[in-house]
Amino acid sequence: MKQTMMWRWLAACLALLALTWGAALRAEPKAPDVLVKEISDEVIEQLKQHPIKTDADMNEWLAYVEQRVLPHFDFERMTMLAVGQPWRQATPEQRKRLTQEFKTLLVRTYANALREYRDEKLEFKPLRMAPGDKTVRVSSMVIRPGSEPIAIDYVMELKNDGWKVFDVVVAGVSLVTSYRSTFGQEIQAKGIDGLIQTLAEKNARGETMPADTAKQG
Amino acid sequence: MNKRTHAIAAIAACVAMSGCATSQPSNPKDPWEGFNRAMFQINDALDTVVIRPAAVVYDNVLPSPVKTGVGNFFSNLGDLGNAANNLLQGKPQAALNDLVRFAFNSTWGLLGVLDVASEAGLPKHNEDFGQTLAVWGVGDGPYLVLPLFGGHNLRDTAALPVDYYSDPTTYVEGDAAKYSFKAAEIVVKRAELLPADRATEGQIIDKYAQMRDVYFQRREYQIYDGNPPIKYEDFDGNGASNGGTH
Chain X
3 MKQTMMWRWL
13 AACLALLALT
23 WGAALRAEPK
33 APDVLVKEIS
43 DEVIEQLKQH
53 PIKTDADMNE
63 WLAYVEQRVL
73 PHFDFERMTM
83 LAVGQPWRQA
93 TPEQRKRLTQ
103 EFKTLLVRTY
113 ANALREYRDE
123 KLEFKPLRMA
133 PGDKTVRVSS
143 MVIRPGSEPI
153 AIDYVMELKN
163 DGWKVFDVVV
173 AGVSLVTSYR
183 STFGQEIQAK
193 GIDGLIQTLA
203 EKNARGETMP
213 ADTAKQG
Chain C
69 MNKRTHAIAA
79 IAACVAMSGC
89 ATSQPSNPKD
99 PWEGFNRAMF
109 QINDALDTVV
119 IRPAAVVYDN
129 VLPSPVKTGV
139 GNFFSNLGDL
149 GNAANNLLQG
159 KPQAALNDLV
169 RFAFNSTWGL
179 LGVLDVASEA
189 GLPKHNEDFG
199 QTLAVWGVGD
209 GPYLVLPLFG
219 GHNLRDTAAL
229 PVDYYSDPTT
239 YVEGDAAKYS
249 FKAAEIVVKR
259 AELLPADRAT
269 EGQIIDKYAQ
279 MRDVYFQRRE
289 YQIYDGNPPI
299 KYEDFDGNGA
309 SNGGTH
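Chains as they are written, first to last, in my numbering: chain X, 3 to 219; chain C, 69 to 314.
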């Protein structure tokens, strides 16, 4: 009898702890600009220590990116924005597979872009955000000597588990919506499954590094 | 058949194929897609065979500081056009910024080889007459791929001669020198795009459509000086799950 009482008390304590914890987490997700800056700094530091030179390096990098960077992206929303109108007609299974293939494509592009990193400097513009905003744009600048700075904007949305990136805009070009008419064309010609197949083929072919990048670096 | 008829047949086949493939234009701003695709293929072939290889050689052979200096040199000449266009767009402060940049970099920056102005906090702008026309309210018009000059909307196409005559290299004495300058400028600018090439290699479904859409987005961004109004739609059919996105 006494033991059950104690267990109940303990359980109540734990529940209370979990509640306050949850509330604390929900009340203060990391600010979006802080989040982007921290991850960018971490990635650049990682790049300096482990430059991508071989296929093996690339695979290690993909694993690292999967673990450290991708959790902060909302790939389903990115895929929806890339596909546009036909997304409405896609079945849940098709949406899942589209998201998977588009994610692979974006991650590959991202990893290839990282290979091009020399020693550009990254600067962040002050965040413009009103209290209560659920969507923000975090603006950064890649400063390269001898050419116009390149603006990279991360468009983010506040979700239950923190701020998630759903678009990356490089020099004014959205990595997501700039796919829309190509995808639309493909869907018109071959249907949604056709687009999934085309993407899967591209991804399978992209598994090794492009030939003429090997001598770079 | 001799070589020439082969070539003509090949071009005709290109035009015919792209004509068939595009009975329905995939973008309302691109009503001449059949013609544009054919022209794009010619430009793309020229790029693959001549311009890109030259850019790759330039990129691989020269050490980084030299490339930076060459890039700065052409960038500095462009600041005069930037100043004029900013003035025409009613942005005198930006125009002054560009003029001071040019004055600084041409003198302390050793004829523009060093970009001392950026380090002094005078940012580089990117303006052209097409953007000026847009600010004046001229509509964009259909997309048109020109030989050599690539894809532009009609407004930007009409603006090209103005940009050409406001580029100082146009006034270099002697044709050989002038066209060497122009060719060098093309190679240098192409070399700057090589990283983007490599990052997207093998992942593009339709290069023509992708480059066209990138052009549209990029122009919008430039016209609005980096702050275009962007809306993100919701195609989920269930607004609640994506609430607060507009």
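Where hints are given, some of them may not hold.
[Said to hold, decoys possible] Mimicking DSS-like on lysine-lysine, the simulated pairs with C-alpha atoms at most 30 Å apart in a straight line are:
hint, chain 1, residue 1, chain 2, residue 2
1, X, Lys192, C, Lys97
2, C, Lys257, X, Lys98
3, C, Lys257, X, Lys123
4, X, Lys50, X, Lys98
In case anyone wonders, no lab produced these hints; they're calculated from the structure.
X/Lys192 and C/Lys97: Cα distance at most 30 Å?
Measuring from Cα to Cα gives roughly 23 Å; hence the hint holds.
Can you confirm whether the C-alpha distance between C/Lys257 and X/Lys123 stays at or below 30 Å?
Distance ~21 Å between C/Lys257 and X/Lys123 Cα, so the pair holds.
Are the Cα atoms of C/Lys257 and X/Lys98 separated by 30 Å or less?
The hint is violated at about 40 Å.
Taken at face value, is the distance from the CA of X/Lys98 to the CA of X/Lys50 at most 30 Å?
violated, 35 Å
Hints 2, 4 from the list above are not met by this structure, while the remaining hints are.
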